[in-house]
Amino acid sequence: MNYRMIFKSLGTVLCIEAACMVPALLVSLIYWQGDMVSFLLSILILTVCGLGLRQIKTVTNDIYLRDGFAIVAFAWLLVSIFGALPFLISGAIPSVMDALFESVSGFSTTGSSILREVESLPKGILFWRSFTHWMGGMGVLVLMLAIMPSVKGNTLHIMKAESPGPAPGKFVPKMGQVAKILYGMYVVLTMVEVIFLLVGGMSLYDSLIHAFGTAGTGGFSSRNASIGAYGSVYIEIVITVFMLLFGVNFTVYYTLLKGNVKSILKDEELRFYLGTVLVMIALIALNIKGTVFKSIGETIRYSSFQVSSIITTTGYATTDFNLWPLFSQWLIVLLMLTGASAGSTGGGMKCIRIILLFKIIKREITKIIHPRSVQTVKINGSAVDEEILSGIMAFFFIYIAIFAASTAVVSLDNKDMVSSTTAVLSAISNIGPGLGIVGPTGNFADFSIISKAVLSLCMIIGRLEIYPILLLLCPTSWKRVNI
Amino acid sequence: MKIIIIGDGKVGYSLAENLSKENHDVTIIDKNAEALKKAGENLDVMCIKGNGVSTKILLEAEVQSSDLLIAVTSSDEMNMVCCLTAKKLGVGHTIARIRDPEYASELSFLKAELGLDMVINPEQAAGSEIARLIKFPPAVNVEIFAKGRVEMVEIEVTQDMAVVGMHLKDIANRFSSSVLIGAVLRENEVIIPDGEFEVRKNDTIYIIGRPSRVYDFCIRIGIHVQKIKNVMLMGGGRVAYYLAKYLKEMDIKIKIVEIDRDRCTELTEILPDTLIIYGDGSDETLLKSENLGDMDAFVAITGRDEDNLISALLAKQYGVRKVVAKINRLSHSEIIRGMGVDNVVNPNFITANYILRYVRGLQNAMGNPVNALYRIVGDRVEAIELTAGTSKKYIDIPLKKLNITKGVLIATIVRQNEIIIPHGSDVIKPGDNVILVTKDKKVMDLENIIDTENSR
Numbered sequence: 001m002n003y004r005m006i007f008k009s010l011g012t013v014l015c016i017e018a019a020c021m022v023p024a025l026l027v028s029l030i031y032w033q034g035d036m037v038s039f040l041l042s043i044l045i046l047t048v049c050g051l052g053l054r055q056i057k058t059v060t061n062d063i064y065l066r067d068g069f070a071i072v073a074f075a076w077l078l079v080s081i082f083g084a085l086p087f088l089i090s091g092a093i094p095s096v097m098d099a100l101f102e103s104v105s106g107f108s109t110t111g112s113s114i115l116r117e118v119e120s121l122p123k124g125i126l127f128w129r130s131f132t133h134w135m136g137g138m139g140v141l142v143l144m145l146a147i148m149p150s151v152k153g154n155t156l157h158i159m160k161a162e163s164p165g166p167a168p169g170k171f172v173p174k175m176g177q178v179a180k181i182l183y184g185m186y187v188v189l190t191m192v193e194v195i196f197l198l199v200g201g202m203s204l205y206d207s208l209i210h211a212f213g214t215a216g217t218g219g220f221s222s223r224n225a226s227i228g229a230y231g232s233v234y235i236e237i238v239i240t241v242f243m244l245l246f247g248v249n250f251t252v253y254y255t256l257l258k259g260n261v262k263s264i265l266k267d268e269e270l271r272f273y274l275g276t277v278l279v280m281i282a283l284i285a286l287n288i289k290g291t292v293f294k295s296i297g298e299t300i301r302y303s304s305f306q307v308s309s310i311i312t313t314t315g316y317a318t319t320d321f322n323l324w325p326l327f328s329q330w331l332i333v334l335l336m337l338t339g340a341s342a343g344s345t346g347g348g349m350k351c352i353r354i355i356l357l358f359k360i361i362k363r364e365i366t367k368i369i370h371p372r373s374v375q376t377v378k379i380n381g382s383a384v385d386e387e388i389l390s391g392i393m394a395f396f397f398i399y400i401a402i403f404a405a406s407t408a409v410v411s412l413d414n415k416d417m418v419s420s421t422t423a424v425l426s427a428i429s430n431i432g433p434g435l436g437i438v439g440p441t442g443n444f445a446d447f448s449i450i451s452k453a454v455l456s457l458c459m460i461i462g463r464l465e466i467y468p469i470l471l472l473l474c475p476t477s478w479k480r481v482n483i
Numbered sequence: 001m002k003i004i005i006i007g008d009g010k011v012g013y014s015l016a017e018n019l020s021k022e023n024h025d026v027t028i029i030d031k032n033a034e035a036l037k038k039a040g041e042n043l044d045v046m047c048i049k050g051n052g053v054s055t056k057i058l059l060e061a062e063v064q065s066s067d068l069l070i071a072v073t074s075s076d077e078m079n080m081v082c083c084l085t086a087k088k089l090g091v092g093h094t095i096a097r098i099r100d101p102e103y104a105s106e107l108s109f110l111k112a113e114l115g116l117d118m119v120i121n122p123e124q125a126a127g128s129e130i131a132r133l134i135k136f137p138p139a140v141n142v143e144i145f146a147k148g149r150v151e152m153v154e155i156e157v158t159q160d161m162a163v164v165g166m167h168l169k170d171i172a173n174r175f176s177s178s179v180l181i182g183a184v185l186r187e188n189e190v191i192i193p194d195g196e197f198e199v200r201k202n203d204t205i206y207i208i209g210r211p212s213r214v215y216d217f218c219i220r221i222g223i224h225v226q227k228i229k230n231v232m233l234m235g236g237g238r239v240a241y242y243l244a245k246y247l248k249e250m251d252i253k254i255k256i257v258e259i260d261r262d263r264c265t266e267l268t269e270i271l272p273d274t275l276i277i278y279g280d281g282s283d284e285t286l287l288k289s290e291n292l293g294d295m296d297a298f299v300a301i302t303g304r305d306e307d308n309l310i311s312a313l314l315a316k317q318y319g320v321r322k323v324v325a326k327i328n329r330l331s332h333s334e335i336i337r338g339m340g341v342d343n344v345v346n347p348n349f350i351t352a353n354y355i356l357r358y359v360r361g362l363q364n365a366m367g368n369p370v371n372a373l374y375r376i377v378g379d380r381v382e383a384i385e386l387t388a389g390t391s392k393k394y395i396d397i398p399l400k401k402l403n404i405t406k407g408v409l410i411a412t413i414v415r416q417n418e419i420i421i422p423h424g425s426d427v428i429k430p431g432d433n434v435i436l437v438t439k440d441k442k443v444m445d446l447e448n449i450i451d452t453e454n455s456r
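Quick mapping for you: the protein sequence lines, in order, are chains A and B.
Mapping the first sequence onto our numbering, position 264 (from 1) lands on 264, and the numbers just tick up by one.
Mapping the second sequence onto our numbering, position 264 (from 1) lands on 264, and the numbers just tick up by one.
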């Protein structure tokens, strides 16, 4: 591996993180709640470390796939560690592991919290907590690609490692351009949401916090009762719509901007995603009507918000679905597994993989009926590479395997079955709340340090879609001569 | 500029590499997913799998808003159809690679009817390049500017040359001031020299000037220039055909060794006065019986790099003065030069150079037209010929007062029939052709060579 180049890139990432802390610093200056020093210190530490790493002289600038994966994995670990500094220095979260958990949960856009109560925290700290969602949603390294002027050819590897989905592609020739367009659309959509929330009577500060939470599909709120605290149907509708919008593949928006509406309507993943949302809303509404809520309006209101929140892996809550019937709870767990579209800011296994897995099964069955039939799996009319298909099957297995192994560790805490499994599932799928004690009204504070560490790792593994972190854990990738 | 390249072969890849480095938006179309994978992973370009002839694929590549389409697939006909379709769909310019000699005579008709803006024939280009090398044997490389009125010759300095240990300003005084040394390669380091530069043994120097003066200069510094009278060509492909034609114009006798019987017969028809020998060119006994040792030059131009290399080394062993080998894989030429082969010619590299020159010219439609562009010293230095515009930044200002960027050298000014090796008091006038040697830089316009940042 090209270690010099890897660490030099990490230096740039840290400098960018320092710059990203400036808005939070400004907020802390405005509200003057004594958290300003923690940001100044963090920015200083980040800048010193970042500029220090940038001084490294590189022998060659060549990076290959493994270097790209290593850059992404290291960057996320470092960014999360440094992102915990303001929490620690300000004393908002005194324990190191808790601060780290909160920071990882922010960057990986999970939105799980160890805080029992957030409203008493300084506004600057809360702003930073939500801003990490926004950075993590589209990706810290994509941001680097977007703002660094000279992007080399093989930075595609970095993009590949950070962007979710089985085969992230380009829609314009230049990588830097792709990153700029992605961030451009991201910023515009976020701003539109802020405006809508302002119209609904939210304060500017709260609008920003919740727009960041929605855009990154994270789920941190500045209120203890999350969105439910506002009790406003308008705000719930706005957030529902935007959660769904951020769960759509961003290339769809680019195609839309190009005026190609026809091909979007035919996009299989988009259809599957929206179809799943509608079916799940209907099923849950039927199930909870009469048992939890009385009127049709209320059932639709709560089921649609909750379904959107879970499928996009945001994790905002307006009601406690722990109180729902078992069938609805199980549907929620299914949605946790599915996740949003590839190329969106959401987490989970991604719709496209689920579609392809079903198509693979269909092909297997046809093979039994017609043993000598030759078939290709198609998506949007064009054949999918066999390599990608086997990659997806391997991904599915490793996802489940990591889920099982992590649950084993977490179950050492001897909590109940539902809480332990959904806690891990919600971490690896970057959702936020689970069921049981980690439900919408609960939090992760009661878990042991080991469980919190495992869950933190699960969040990063889930956000980076497993392989970059696995690469770091594989000893051969560290050796200079790797055979 | 938005550029579409159809065909991701060696030329297509090399073009994509260079054009994306020059900050163009490059899209590659190819049917072969394997080839695209390499380009997609190593270059900052967009790849589309499909047939470049299909309008659907071309539209997917946004052909209507692209400035240039380059068709370099292996099939001439496909290239032509691609260009025709793209032109109808509204692309700005088209370049096609057309290599079949059958089409060569109908090029002007094809160009007009298909709306082609440029046609490139790699074999013909390679043939003319080899012919230039044979014309002037001491040169490792010869490039021409201003329609042949200025040449740049690459020469390796040996112990017995008179220039060893001399400063450039002394060389100019003692031998000739009408040529200029534009770039020097010393142990893998490229230097754009000034007057204080001292020439040493084993340097590779690039001499620029009027062909006759360069020739004189070489003789004066003690290079033995002996005219080549007979040449043996190994391989009777298309390069051989074009090369034979060029060499015949220069009154040089040639002998072609070709392994394929039918091709031999064909060659006797298209090259009536040439000696064609049927046999394996890598067979030592055959070459010996055809008295290889007595040849002045040996050119290995079969389709296989390995055969070319082995035979070239064999010829060197037998004491042939000038040995040229054609190598298709781009990256190996430096290694092979190190093994003792005098010259390495790469048709794909030449093709890429021609097209790059056209692209630069297109880009400069507003600025200065590019007349010639050569990449030398393994791509690290460029020699470029530009026509001066009317910008006040450099016109009519004595060169010594111009603040020229580091790493750029004004090598020659061609004013109508006058060829000026510039000195401090010379000026650039509108319409002059200016030849620049630049290191680590891509000059697009003469204005770019004026250093505005640390001026005065």
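Mixed in with the good hints, there may be bad ones.
Chain A side only, calculated, beta carbon under 7 Å to chain B, not exhaustive [to be verified]: (1) Pro166; (2) Lys170; (3) Lys174; (4) Met175.
Just so you know, the hints here were simulated from the structure itself, not pulled from any lab data.
For each residue, glycine too, the CB sits at the ideal point set by N, CA and C.
Evaluated hints:
| no. | hint | result |
| --- | --- | --- |
| 1 | Pro166 | 15 Å, violated |
| 2 | Lys170 | 5 Å, holds |
| 3 | Lys174 | 6 Å, holds |
| 4 | Met175 | 5 Å, holds |
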